[in-house]
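Put chain B on the given structure of chain A with help from the hints.
Protein chains: 2
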Amino acid sequence: MSNKTLESFRERIQELVYLREALSLMEWDLRTGAPKKGHQLRAEAIGYLASRHHELSTSAEMGEWLEALSEPNVLKTLSDIDRALVRVEKKQFDRMHKIPSKLMHEYQILVSTAESVWEDAKAQNDFPMFLPYLEKIVAIQKQFIDYWGYEGHPYNTLLDQYEPGMTVEHLDTLFGDLRSHLVPLVHAIAEKGLQVDPTTFVHQYSLDKQQELNRLFLQGMGYDFAAGRIDTTVHPFQTTINRYDVRVTTHYNLDDLRETLFGTIHEGGHALYEQGISRDLIGTSLSEGTSMGIHESQSRFWENMIGRSLPFWEHNYDLVQKAFPSVFANVPLHDFYRWINHVEPSLIRTEADEVTYNLHIMVRYELEKGLFSGTYAVADLPQLWREKMKDCLGVVPEDDATGVLQDVHWAGGSFGYFPSYALGNLYAAQFQHTLRKAIPDLDEQVRTGNVHVIREWLRTQIHQYGKMQEPAEIVMRVTGEPLSGAYLVEYLRDKYRAIYKL
Amino acid sequence: MSNKTLESFRERIQELVYLREALSLMEWDLRTGAPKKGHQLRAEAIGYLASRHHELSTSAEMGEWLEALSEPNVLKTLSDIDRALVRVEKKQFDRMHKIPSKLMHEYQILVSTAESVWEDAKAQNDFPMFLPYLEKIVAIQKQFIDYWGYEGHPYNTLLDQYEPGMTVEHLDTLFGDLRSHLVPLVHAIAEKGLQVDPTTFVHQYSLDKQQELNRLFLQGMGYDFAAGRIDTTVHPFQTTINRYDVRVTTHYNLDDLRETLFGTIHEGGHALYEQGISRDLIGTSLSEGTSMGIHESQSRFWENMIGRSLPFWEHNYDLVQKAFPSVFANVPLHDFYRWINHVEPSLIRTEADEVTYNLHIMVRYELEKGLFSGTYAVADLPQLWREKMKDCLGVVPEDDATGVLQDVHWAGGSFGYFPSYALGNLYAAQFQHTLRKAIPDLDEQVRTGNVHVIREWLRTQIHQYGKMQEPAEIVMRVTGEPLSGAYLVEYLRDKYRAIYKL
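Quick note, the sequences are listed as chains A and B, same order. First residue of the first sequence: 7, per the numbering used here; consecutive thereafter. First residue of the second sequence: 7, per the numbering used here; consecutive thereafter.
Only true hints are included.
If chains are identical, the list can't say which one is meant, so a pair holds when it fits in one copy or spans any two.
With a straight-line Cα cutoff of 25 Å, these simulated SDA-like cross-link-like pairs (lysine to any residue) come out: (1) Lys42 / Arg461; (2) Lys42 / Gln20; (3) Lys96 / Tyr54; (4) Lys42 / Gly226; (5) Lys396 / Val495; (6) Lys42 / Ser284; (7) Lys43 / Leu222; (8) Lys43 / Ala233; (9) Lys96 / Leu287; (10) Lys10 / Arg58.
No lab work stands behind these hints: they were computed from the structure.
Next comes chain A alone, as it looks inside the complex (with noise of 0.2 Å):
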């Protein structure tokens, strides 16, 4: 291998990331006010700038420098950055080369159209609508299995995908343990009840007082507005454009401030993440988050550990006091605390607390694995939902639309992704045991307002990394032990045996 092949790697990694760069801000447009009637050329030009990025990533020149990068006597000769980047895309690229380009195609054309077809169906509530497609789905994706190939459980290659490493071995485990101890949970916590009479907080909350208030959030958790900018959308994202352009949208609920107060929050921890990754990063492929799973963990640490925590609250309130007095001028910050942590099973993943969140992810996870080691069929899913709600939360659905129909990650092709949101959950609570320790007097910290020392914390031991390291190597680093489901049950017990005193 001669220099020039590390400098050729190099700059085709460079155009991807400029490429990149181009796409995102054309989805971020879309999703922040792009007009309309704009759409549909919109979508040609970003697949066009798609098929360009996947030509130069799947290119035979590619496929030779990666080959001779990874030869392990050239290997070792890399730098850190080098020896990652190579790791990274020879991953992707042996992944997209598998993979014969007409059925590609064929899958992507599929799933835009299917997309669009669940749209229509959860609007009908109809799901013999969007089955057909389904299925199809779901059969390429089998067959994408079998082009990958996988170890243990067909469904461990599309976790892969979004939480390197992660297996069904070890999720059935983590999921069987936070299981067995949430389903109790949340029993006794619906036996006590409301701890708070809700039509206190009534009221029309006015847009430009919650923007300012989202406003003050984000500097606050030391967000950086001179790198990133708030916008509004219909669901909210965190999307980096580049290294010093990192955004975050949100949704105003007029009727309910928290909606976009922990929306915001939540997307502030994915964009803290993103503004702390090393610079020498800059230009490659390793300047974004790990995984979906370690991304997770960052937007929920903050929205849920710190966000809805009583220290946090104790140096906030008055602020949300101040913009709304006529709602919590006497309302007492402990009823405020319970308000913003009121634990209930309800239908919708996407507006669950954070004690039945975990068990929503588990329906899906049940399902998805039952897929594709062909226990279930896709037919099948209506009913199975129905009966895993059930199970697990204790409710039912009354209509697909608001069950099966719901979210839309299946129309997009996405299995393998949902259990990312319950493992952020987890590693987010691991994570936190590890800082109490190092911050012996964190709550004070946060009472004080001096949350920079979390971020910093944070920074130094995981968002700096980018993609050098992947997760189990994060945990294991960090936390010196590997992933456990018993930080976040203890976690989420202490806190609400305390709120709902239990």
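Using the frame of chain A, we list chain B on its own:
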């Protein structure tokens, strides 16, 4: 030539259109709120996509396709659209191909540096700081002229980039004629002085009311918000992201309502042009305004001939009165009309009224022409500027920041561009003359808010063609004669004689 050639050519054009969609959005985003710290990486990504665009549009295959398609016996078999496309692309290809890529590369780095040097030089009123850059830009532009070749005056080939077919010979006549009428008119107006007390309008014009008015006026003109949007920027512009995503931007001055009002109507005029192009031209480089001058004719027509006309305000004045009753409730319409049509020689082009504006352009035209004929040296520009300003407008800047350094155009190498601004006014007046014959009760239509008859006329006569026809062809077809200075002179004389009671 085979059908394959035409097909490959059309595919390539489509690719270029997609790349331009990405580039336009990236630029729009930079100018409407992209976070500051991300600008440097964004500039790199734009540079990458722009090179890719350049590579695809100047590649050897492109040259072969254009040559094959331009053969007379092939050209005549093409559809009107394909024939126009070949003409437009071949012209562009030949221009780009004649410049050695090394020189082009050197030039691009130079202007990108020069723009930031100009910013500093303007801020510090330091022309000598900018001088070596401007000298180099002019020197390279002279090399370009040699590579491109020219007929008549060397400046003609620079003009032709922005206004195909325009020449120094034609401009000298047009501008000479215009100047001989405008200078006495400006003097006569100056002698009469202010027709309205400006302190009447001193007010803090609230942002939200200004925004509301902008939406109302754009809607009134027939701007389609489902295929566009309005955002805030420092130097307003209109940009077309795609055929159904045509955006305007504006700047708010809380001290002077006129800035955003007429700025928005101006950009709205550009936008109506782009929203009116035939959908048959989508996916080609014909789906744009045909030239800078014709584009400016649309913006200036709406801004001045409609937006600053009495009938327009007979219909719309109550909107402004309702938005700012404390200012306008007791101001008679005619005083408002005089306020928005106040004429006074001033130093800054972008702030000039519609009479003196043209004289600003003549100053720049004379200087540019002299630079490229070799009569003037770059180092003498500050002194020449002062002399020409005195001659044309009777005012002399006290420093270079408000003189020769005021506009960014030269730092960006846009020589030949300025005349388009005055050409826009000339075209607009000539189109208006024809429009008044086509719709004899035009003023009555405007007075009753029926401006969509105007928009429809412009669409039918001009907008729909995009780049299918060149400026001179459009003027001849629409008005039955070549471009003349007489209509602008007549329009300005009639309008301002009435306002200033001359």
